[in-house]
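Participant: What follows is each chain in one-letter form.
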Amino acid sequence: MSKRWVAALRWLLLGLWLAAGCAYGEPYLAVQTGLKCSQCHVNPTGGGLRAPYGDVFAQTALPATKLDTGPDLWTGNLSSFLRIGGDLRTEALATEVPHSKTLSQFELEQARVYLEAEVIPSRLLVYVDEQVAPGGALNREAYALYWSKNHDWYVKAGQMYLPFGWRLQDQSAFVRQASGINMTTPDEGVEFGWLRGHWDAQVDVSNGTAGGPVNDNRKEFTSQVMYVESIWRMGMAASYNDKLGGGRGTYGLFAGLHTGPITWLAEGDVIDDKSQGFGAGRMLASLVEANWLIARGNNLKITGEYLDPNRDVSNNGQTRWSIVYELTPIQFAQIRAGVRYYDGIPQSDTQNTRQYFIELHGFF
Amino acid sequence: MSIQLSRPILVPVAASLCLAALVGGCAGNGKGLDANGNPIGTQSSAPSSAPTTASAAFQSIQDTVFTPICTRCHIGANAPEGLQLDEAHSYALLVGVPSAEVPSVLRVKAGDPANSYLIQKLQGSSGIVGVQMPFGGPYLSQSTIGMIQQWITNGAPPATATASAALQVTATMPVDRALVDAPVATIAVGFNEHTDASYLNGAVHLQNMSAAAATVPVMIDQAEANPATVLLTPLAPLGPGTYRITIHGGDRTALTSVTGDALAADYSFTFTVGIP
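These protein sequence lines are chains C and R, in that order. If you want the numbering used here, it's the 1-based position in the first sequence plus 3. If you want the numbering used here, it's the 1-based position in the second sequence plus 318.
FYI, nobody ran anything at the bench for these hints, they're computed from the structure. We put the CB at the ideal spot given by N, CA and C, even for glycine. There may be inaccurate statements among the hints.
Covered stretches of chain R (in silico footprint by chain C; criterion: 3 or more residues with CB under 8 Å from a CB of chain C, positions within the stretch not fixed) [unchecked claim]:
1) 344 to 351
2) 428 to 435
Derived DSBU-like pairs: lysine-lysine, alpha-carbon spacing no greater than 30 Å straight-line [as the list claims (entries may be wrong)]:
3) R:Lys349 with C:Lys104
4) C:Lys222 with C:Lys39
5) C:Lys222 with C:Lys277
6) C:Lys152 with C:Lys104
7) C:Lys39 with C:Lys152
8) R:Lys349 with C:Lys152
One chain only, chain C, in its complex shape (with noise of 0.2 Å):
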């Protein structure tokens, strides 16, 4: 069979496992309680600075234990105006690659802190989100955002993380990665939202630079359209970056499902890059993620993924797969442990690394 066959049997498969509803990867928590990521995310495509309703979830919900604090809870509030937050994530990384030694580190991955005056109560902000470790202060997001009066729209502008697919939390993904549309490049621009009913959708226009010097005058155009139900949804994203030397269009379906303790989360994307040479821009990549609630505050995240780094060269597909634990003890603090296996090409020693880990995220 073909390698086209073989690709075109994977996406019917991907397609009929989403429109049959049956089981198929930190967006789990929308899926698993049946919320848009506004719900709990200051940022309405998720991510960032929890809203007061996600504080009180991570507090509440979340954790194995909840520690006693009284009648009050962490919303972050500073001022009836002024909002922070904060994630700082650290951890114990082994590293196996064949034919060198293992090498073993403590990292402190990230420290960010994040910043909302909400000048006008419900209708106009301003967000900030800087990562403040390791090394110098690094802008991640910055913009102003505006509400609709029923909250049903939005205009924000500045820099931010473009909408596409799943946010994932692992940022190594291979779909984050290849997507090239992740939560460490983000854009300058502006983005329209609209949220009403079970649907969420997002267009953006941005500079496509990825937060970098703009050169010529050429835009990246990103849209997501999202329908959400209490126990399902699936999405649709597209991205056009008109870049120098040729254009680059990123397209993805995503699909999350909750079943009993399991909630699943898939992502397929492909990538047609006309600005890469050497053949090196046409790759697709995807994902499934089941993220099994074994108890409160005890979630195991097995995650498989797929990548073709280049569609026009046959036997040179990559997997990855992941295990990890999440234990949440306590509220605002979570221990994750976990093994991720590369899997390559024999002749790529890069491409079969192993990774062993435990990292502690602390956030509020």
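Position chain R relative to chain C; hints supplied.
Facilitator: What follows is chain R alone, placed relative to chain C:
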């Protein structure tokens, strides 16, 4: 906490694994491909202006761009901006190292080609100091720059490391006994292995030999995404004078790699900062 492995749970888990395999497929067997995943013996889809054997891997970029083109100037003690791009020095002096012309921008910022000074210089971007590289042209084709961008996007990984038994200095910037113009904002020292950050502050010292060998206050850190390179950032840019860097080796407090390999003996080099 109770864990119940009931059939309703196991069935979807098993189903997910099967479906993941179907959706994801298997890793390639690599038949007919080189180590970078490109077909052996076939011409790439690159435009004719691009080196045909290049790929988005550091060794390939070294072999097709840095060595044949850039080292016409960027080599030896007088390499422009202290940037030596020969095979022995290039990675250590590129990845995570602040550019000399715009110190707030890293030469190569892993994962972020747009904010990598190397790319900005190759493209002749508006924010650069000086002129587009290669100096005087011909400039690299977009596909070749794209290949370097892809390598950076991929995290700017080094070429496959070779096993070693001892930590060794492989590159310095400035080079030993160099005469450089003031001010000097960053000093870089490359090693053959990833250094253990916990030893840095005790093992790396900067002295002003023109001021009775006084210790110069300096921040010491690993280069971003490149822990094999150590960066020294003086709290104030170095003015005219002769300076000496000493990296301690040979005993229990020696600078050590993350795999436990220690620097066998003290290593030092000097440079002189002149008035531009």
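Participant: Each hint: holds or not?
Facilitator: Checked hints:
1. With 8 residues having a Cβ less than 8 Å from any Cβ of chain C, the segment 344 to 351 of chain R passes the three-residue criterion, so the hint holds.
2. Only when three residues or more bring their CB closer than 8 Å to a CB of chain C does the claim for the segment 428 to 435 of chain R stand; here the count is 5, and the claim holds.
3. Straight-line distance between C-alpha atoms of R:Lys349 and C:Lys104 comes to about 27 Å, which keeps the hinted pair within the 30 Å bound.
4. Annotation: proposed proximity of C:Lys222 to C:Lys39 holds, straight-line Cα distance about 28 Å (limit 30 Å).
5. Restraint check for C:Lys222 and C:Lys277: the C-alpha separation of about 15 Å stays at or below 30 Å, so the hint holds.
6. Proximity of C:Lys152 to C:Lys104 is assessed by CA-CA distance (about 59 Å); at most 30 Å being required, the pair is judged violated.
7. Distance check on the hinted pair: C:Lys39 and C:Lys152 sit about 18 Å apart at the alpha-carbon level, within 30 Å; holds.
8. Proposed proximity of R:Lys349 and C:Lys152 is contradicted: the alpha carbons are some 60 Å apart, above 30 Å.
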